[in-house]
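Asks: These are the residues of each chain, in order.
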Amino acid sequence: MLTRCGDDLFTISVASPADAQALAAHLRRSGHWLEVIPGIDSVVVRFDALQTPAEEVRTALESTLEKGVEPLYFGNEIIEIPVFYGGDEGPDLDALCATTGLTAGEVIELHTSREYTVDMIGFTPGFAFVGGLDDRLRVPRRKEPRQRVESGSVGIADGRTGLYAMASPGGWSIIGRTPLQLFVPGADEPFVLRAGMRVRFRAVEADEL
Amino acid sequence: MTIAVVKPGLQSTLQSRPRVGLRHQGVPASGAADPLSLALANKLLGNPWDAAAIEATLLGPVLRFDVDCAFALTGATASATLNGSAVAAHETLFANAGDQLVIGAIEVGARVYISVAGGLEADEILGSTSTYLQAGFGGLQGRALQSGDTLVPLGNEAAFLQTPDEFRLPVFTSWGLRACIAAETDLLDEASSAVLFDTNWRVGRRADRMGLRFDGPSLSVSSEGRMPSAGVVPGAIQCPEDGKPYVLSVDAGTVGGYPRIAQVARVDRHVLGQLRPGDHVRLLRREPDEALAELATKVEYWREWLPQIDEII
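Top to bottom, those sequences are chains A and B.
Counted from 1, the first sequence has number 130 at position 127 by the working numbering; the numbering is strictly sequential.
Counted from 1, the second sequence has number 200 at position 195 by the working numbering; the numbering is strictly sequential.
Hints are computed from structural coordinates only; laboratory data are not their basis.
Treat the hints with care, since some could be wrong.
Said to hold, decoys possible - Okay, the calculated bits of chain B under chain A, using three or more residues with CB under 8 Å as the criterion:
id : stretch
1  : 66-76
2  : 87-96
3  : 108-114
4  : 161-170
5  : 208-215
6  : 264-277
To be verified - Residues on chain A that point at chain B, a partial pick, calculated with CB under 7 Å:
id : residue
7  : 4
8  : 5
9  : 11
10 : 37
11 : 44
12 : 45
13 : 47
14 : 88
15 : 94
16 : 97
17 : 100
18 : 104
19 : 127
20 : 130
Glycine included, each C-beta is placed from N, C-alpha and C at the ideal position.
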């Protein structure tokens, strides 16, 4: 469903993060749009109204939706993300154990035992929303967000793992930290992760941080 | 051949053009919060509209020129002196090596732009030299200016120009912002949706480059208050859990989980950079096409003085 949601904005409702990413990647390739921002179940398109009239934009977007787009495919590669769980780096692990009735070992086992897909990148540069969390690890966001969550922090909330590519305020339950630098501002390829990529977490010791 | 920062002011950063087309990687726009005033300052020096300049917030900096250098001031109103003599905004000014420029407390508006001939040297990251404070990149080492910093002007001379009266962008203490309904406006209950466009909102103390909170009646939404994260752009007005509208500005995150209850129209987004705590704001409801027609009119008006206006606004 296509809706005007501002003078220079349209939003398109989609069924899944994968659909949002596939549609957004397709739309970006056309080079017509100022921003194409995929969300969890939507894609927001910002157009340059001084170049393209809104009705033309609507027609172009409708035509794309009618034709459909190719799913995103990143091959079989799985990116391994080392994580040190608990301690000062994962201050909410104990509370998570209390809420879920699992031991720390069981949480780590559940978190490292499956493959995940990056559903979305956003909020701050490189912040990754990683989907596919085990239902036993499902907790809501913290009621009191932290003013500062350290770079590399690994949090969970609402059935997803969140990877803090840089320090920022945040409301996810932080269970560990990765030494992997997910955003390198000056690099040719500043972002390690892109939406649609598959990842796996591997527990590491503190000396690997 | 530099400019020394004697005192930085409250929050002074180097800003130029926004970063565009990277929100899907989480990279916000940044850039001048009031891009029109940045362009006006650069115009007076013959610079490209987006040459990096100092954006000073609420209290201006003290700068010492260690080189002869043309400069210009635009934006909010503030007292400004060069070696103790008052200098005017909206005209090309000339400093000699050793001169000290003092920008005082800003009186009306929120941000003063200080541009120099050639623009200032700044770190280019992801297509712009604008400072993005949260991630610490762009501008001068990704941070606000500090006492003892040295800035490097990339030129020194400029011809004398004055901004014609009709292009001196005014600043106010009461503002009207044209706005359209947005993706989740229909989540507002009936009373709240009337209140949104019928309240003289007061800009709260939390007003920065990330966004501005409006104080006034509390709004309520019919959902539980959070929704699946969705894309947002500057000008989006969200309704967070406290029911106080929060308007996103240039450094805001690229996705949000709060209902988007209105969207400030492109024609007035540059105004967000001049709102200060205590100012009053009315949201003026516009149909999307109406707001675009007004944008087209505004662009035609400005083109005479700022030929790049399509890109600036």
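Asks: Against this structure, judge whether each hint is valid.
Replies: So, going through the hints one by one against the coordinates:
no.: 1; hint: 66-76; result: violated (count 0)
no.: 2; hint: 87-96; result: violated (count 0)
no.: 3; hint: 108-114; result: violated (count 0)
no.: 4; hint: 161-170; result: violated (count 0)
no.: 5; hint: 208-215; result: violated (count 0)
no.: 6; hint: 264-277; result: holds (count 5)
no.: 7; hint: 4; result: violated, 11 Å
no.: 8; hint: 5; result: violated, 12 Å
no.: 9; hint: 11; result: holds, 5 Å
no.: 10; hint: 37; result: holds, 6 Å
no.: 11; hint: 44; result: holds, 5 Å
no.: 12; hint: 45; result: holds, 5 Å
no.: 13; hint: 47; result: holds, 3 Å
no.: 14; hint: 88; result: violated, 25 Å
no.: 15; hint: 94; result: violated, 21 Å
no.: 16; hint: 97; result: violated, 25 Å
no.: 17; hint: 100; result: violated, 25 Å
no.: 18; hint: 104; result: violated, 25 Å
no.: 19; hint: 127; result: holds, 5 Å
no.: 20; hint: 130; result: holds, 5 Å
In this structure, the earlier hints numbered 1, 2, 3, 4, 5, 7, 8, 14, 15, 16, 17 and 18 are contradicted, and the remaining ones agree with it.
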